[in-house]
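Colleague: From first to last, the protein sequence lines are chains A and B. In this note's numbering, each residue's number is its place in the first sequence (first place is 1) plus 1. In this note's numbering, each residue's number is its place in the second sequence (first place is 1) plus 1.
In case anyone wonders, no lab produced these hints; they're calculated from the structure. There's no promise every hint is true.
[Unchecked claim] Only some residues are given here: those of chain A computed to face chain B with a beta carbon under 10 Å:
id: 1; residue: F138
id: 2; residue: R143
id: 3; residue: Y163
id: 4; residue: W329
id: 5; residue: M331
id: 6; residue: E394
id: 7; residue: K398
id: 8; residue: A401
id: 9; residue: P456
Even for Gly, the Cβ is constructed at its ideal location relative to N, Cα and C.
2 protein chains.
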Amino acid sequence: MSQKRSLTNRKLFLDFYDKKLSEGQEVTLEGWVRTNRDNGSVGFIEFNDGSHFKNIQLVYSKENSNFEDFSHIRYGTAIEVLGNIRLTPEMKQPFEIAVKNINILGECSEDYPLQKKRHTFEFLRDIAYLRPRSNTFNAVNRVRNALAFAIHTYFQERGFIYVHTPIITANDAEGAGQVFHVIADPKKPTEFFNANACLTVSGQLHVEPFALAFRDVYTFGPTFRAENSNTNRHASEFWMIEPEIAFADLEDDMDLIESFLKFIIKYVIDKCPDEMNFFNTMIEKGVLDKLNNVLKTPFRRMTYTEGIELLQKAVKGGHKFENNDIFWGMDLQSEHERYLTEEIVKGPVFLTDYPKEIKAFYMKLNDDNKTVAACDLLVPKEGEIVGGSQREEDYDKLQAKMRELGNEEGLEWYLNLRKFGGCKHAGFGLGFDRLLMYITGMQNIRDTEPYPRTPGGLKY
Amino acid sequence: MSQKRSLTNRKLFLDFYDKKLSEGQEVTLEGWVRTNRDNGSVGFIEFNDGSHFKNIQLVYSKENSNFEDFSHIRYGTAIEVLGNIRLTPEMKQPFEIAVKNINILGECSEDYPLQKKRHTFEFLRDIAYLRPRSNTFNAVNRVRNALAFAIHTYFQERGFIYVHTPIITANDAEGAGQVFHVIADPKKPTEFFNANACLTVSGQLHVEPFALAFRDVYTFGPTFRAENSNTNRHASEFWMIEPEIAFADLEDDMDLIESFLKFIIKYVIDKCPDEMNFFNTMIEKGVLDKLNNVLKTPFRRMTYTEGIELLQKAVKGGHKFENNDIFWGMDLQSEHERYLTEEIVKGPVFLTDYPKEIKAFYMKLNDDNKTVAACDLLVPKEGEIVGGSQREEDYDKLQAKMRELGNEEGLEWYLNLRKFGGCKHAGFGLGFDRLLMYITGMQNIRDTEPYPRTPGGLKY
């Protein structure tokens, strides 16, 4: 990188931590004014160039001949500052800059919607292009970045191959959600691809062939749902992590999920201490305890059947769920999942071996012919956060299931994997944005994505 | 990760390089048979579990009571093998496995389309779900993986923030290519988003606001073109890398491009020596020399105007281009670009300051009012590989340009960045799949993507 670009806040903090920052050192910085206040003789600018979560304090005084000019620099202005480092070990910020001069690089107009006050998240959502400049979205995007790299780091260190599964596809992996259609010319909707093209809902079917070539693989990319859901947990576009491992069964899959989740959470706590302290103080008090509890607890494993029995026992014992009608075969709701993880296990728990009727077609049928080798990971304060399964490797069983569902056509290749050196394999899916909600304590998925897409939401 | 999963080829090679592999060590492996041949008394299986580019040789003999069974194991079969390490320092492969037993995990049916012979790339394209098992696509996908991680590593080490710009968008960044429409219900095409939604052609407009909050940022994700182009360099879906840096001009941008490109090429050469040797021998003879030449050469910088003059001089001197009509204002074709980089500079060269008419609306107008602060990087054997520019930071100039093009509506926020603490900033775009073609020597973009999408191409 060029030597010409100015020093960054980040570099100054790194130098400070490395004890390489010295009293009086002259620096030139470029960045933005976050606050500017003065008492008539001394002025203070909270300054940030965006490279580090923490601001740096600039101090100017009457000794600066243009004190008056400096004191009128508005919130949001881009400036270049020349000054000297002043070490302040006794203060909250460990160093500050004694200003020699400030140049205005870009004025900030008076109609700037972001003001030096608390804005609601709803308001900030409406100015999505400016909200990364606020403390909360500064922190959210930094943690988002660290979490994404944690994911790659975990898999790369373990020899997994990253596969870019396609976004445009002709098949709807789960057969579940509604899909968006992809059309070049609305007058001839299937002409371009000579097929009914849609946006992917999952990369799993496309990544399985790669697991059967490279053993351990993963996808990490955008996926889509055309559901008209306006909850705080649904977005039309979100990123998913979908690893797939060969020569592996459901137990191996759960080992992977536990190891992976602990690694990435620890990575974020280690790499983003300032941001995580911010969330712990300002967004979800105790979020760090919640996460540290996940790190230190071995994840329990319990069958769906045991789970149902425990919930029935709870109802008998007088516990009131909104839905108190607990029966084997039901799809658990969030309140049930949370009861199991929060009240029964008091920590993360895998629920395994679900009734085949409520799970996807590609999951391995267990010997009981009633359940499939699936697992959902439930965590306190959230409920289900990861879903995985061993895949059906038996050609005949899978074909029978696909014929029942009528999705064999167009997926013959997927079925064929079972007769060309097929082997046991497993994988899981984890919604990246929901994981980010869990880690940061942010309550709305719209506040974890740079530009969220939801029904009616395409302003930017 | 669980201790239960079997050893990998990768682990054995790593242990070997670390001198931790010992003669006679007992191992259990699971993987696939790549070849199986015997001379009646000794048999050899080339074995691979996909975790490493190189195969491992399994040796079985008449001492194995089921020699006959072993000798009939078909190409493509998934097996579990128990055996002992035999160090063979004098051989091409530094170790092999003396087989004690083999269990069949998954048979490979006789109609397996992949056979132990050379297949054409066209044929392999038609079995996209099996081709990663072939040597070439094994190598391509490994390099693709390493290159993707190299990109993240470069930016993360330098404090850049990774931004997931949206895939579904209401605006066509370049105003150039044809776009795909995204429609939930074909009967009411704009209902879901209450807007004309399409697939992104570039994340740049969406990432600029993040550069003006975090200084240095990048996107790396899928982008789309609905062009009906059937060349070997066009795909409907491809991944792009788009960094954006604040407080930076075109010179800083070129510094970044050069540093970035050298880093990621060196990373791939270092991390994938076996794969790169394969490409160097089997796909493009001399590709390693070509890349090493890029690494060791400082990139030249030359204005478009100088480039035109040199081309005109070449024509005068008798050089014949297919298009010999060279004039200031023209869009250079690949033959012209390649002449400049291959014949004149004999190395990578940035062409800068292009006529404003042939470049995008957001590029900074130079003082001459005729050219913009843009750069294209041209490299030998390829031509243009990266396009970058400094962005117009002047509100009035940008607004005038946008009004001229009629794209101000819906992009007011983009324009507003120029009045809310705007500053000079720059960035570039690099097509990931084309870069992979350049690095591997693969001649068709369809052979660098896991499941390429092209007009009519949506089989998988």
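Colleague: Each hint should be assessed against the structure and marked as holding or not.
Modeller: Taking the hints in turn, this is what the structure says about them:
no. : hint : in the structure
1   : F138 : 8 Å, holds
2   : R143 : 7 Å, holds
3   : Y163 : 5 Å, holds
4   : W329 : 30 Å, violated
5   : M331 : 30 Å, violated
6   : E394 : 7 Å, holds
7   : K398 : 14 Å, violated
8   : A401 : 18 Å, violated
9   : P456 : 6 Å, holds
Hints 4, 5, 7, 8 from the list above are not met by this structure, while the remaining hints are.
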